[in-house]
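Model the full structure from these sequences, guided by the hints.
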Amino acid sequence: ACNLSWYYGTGKPGSYQISFYDTAIHEIMHGLGFISLWDPNAQWYDNYNDIFSKHLGAGSSNSTGAWVNQHAELVGQAAVASNNVYWQGAKGKQFAKLLAGLPNKPQMYAPNPYQGGSSISHFDQAISYLTGEQEMMEPYASGSVLSHLSAAIFCDIGWGLKTDFDGDGINDCTDALPL
1410 ACNLSWYYGT GKPGSYQISF YDTAIHEIMH GLGFISLWDP NAQWYDNYND
1460 IFSKHLGAGS SNSTGAWVNQ HAELVGQAAV ASNNVYWQGA KGKQFAKLLA
1510 GLPNKPQMYA PNPYQGGSSI SHFDQAISYL TGEQEMMEPY ASGSVLSHLS
1560 AAIFCDIGWG LKTDFDGDGI NDCTDALPL
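Here my numbering is used: the first residue of the sequence shown is 1410, the next is one more, and so on.
None of these hints come from the bench; they were simulated from the model. Any given hint could be a false lead.
Below, computed lysine-lysine pairings styled on DSS-like, alpha-carbon distance capped at 30 Å [to be verified]: (1) Lys1463 / Lys1514; (2) Lys1514 / Lys1421; (3) Lys1571 / Lys1514; (4) Lys1463 / Lys1571; (5) Lys1514 / Lys1502; (6) Lys1571 / Lys1502; (7) Lys1506 / Lys1571; (8) Lys1463 / Lys1506; (9) Lys1421 / Lys1506; (10) Lys1571 / Lys1421; (11) Lys1502 / Lys1463; (12) Lys1502 / Lys1421.
Pairwise CB distance ranges, derived in the manner of DEER restraints [to be verified]: (13) Asp1575 / Gly1525: 32 to 42 Å; (14) Ala1509 / Gly1442: 24 to 34 Å; (15) Leu1570 / Gly1420: 23 to 33 Å.
For glycine and all other residues, C-beta sits at the position ideal for the given N, C-alpha and C.
Written out as structure tokens, the structure is:
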């Protein structure tokens, strides 16, 4: 058995430690809208059409809001538990260039069977940056993390973050070439 403990510093956690800081930021990001209200049957909870899910689509689709535009019960049901859900928002797709070995759009976490509280509302665990770090919004703590892609998703869902990844003086949310 593994004895995990919280690491309360801001540096790199030791072996068998989970960063309390990173976990808190991760959960705050969910509270700010990094969450899908799709249920296991690819229906919105209480018929609430959330802004996050408007940017999701099946892997074969290239249009933003593919599920919303198609009333995608069939597409959604097939994708929700098949690891075939991708972020379709413009900024998320631009920042996907920072990722190692993945297509031009970020893959969402969609295991079979569906995992309530984790499925669709996180990036796939296979996501890593070219620099080796994992993405902050993966379903499980995984060591050193970055949140560049998460920040791009917040731009897609309407948050006006003050980030400038390439240092050109233009906010990434409005920059046509943020990298």
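Which of the numbered hints above does this structure break?
Structure breaks no hint.
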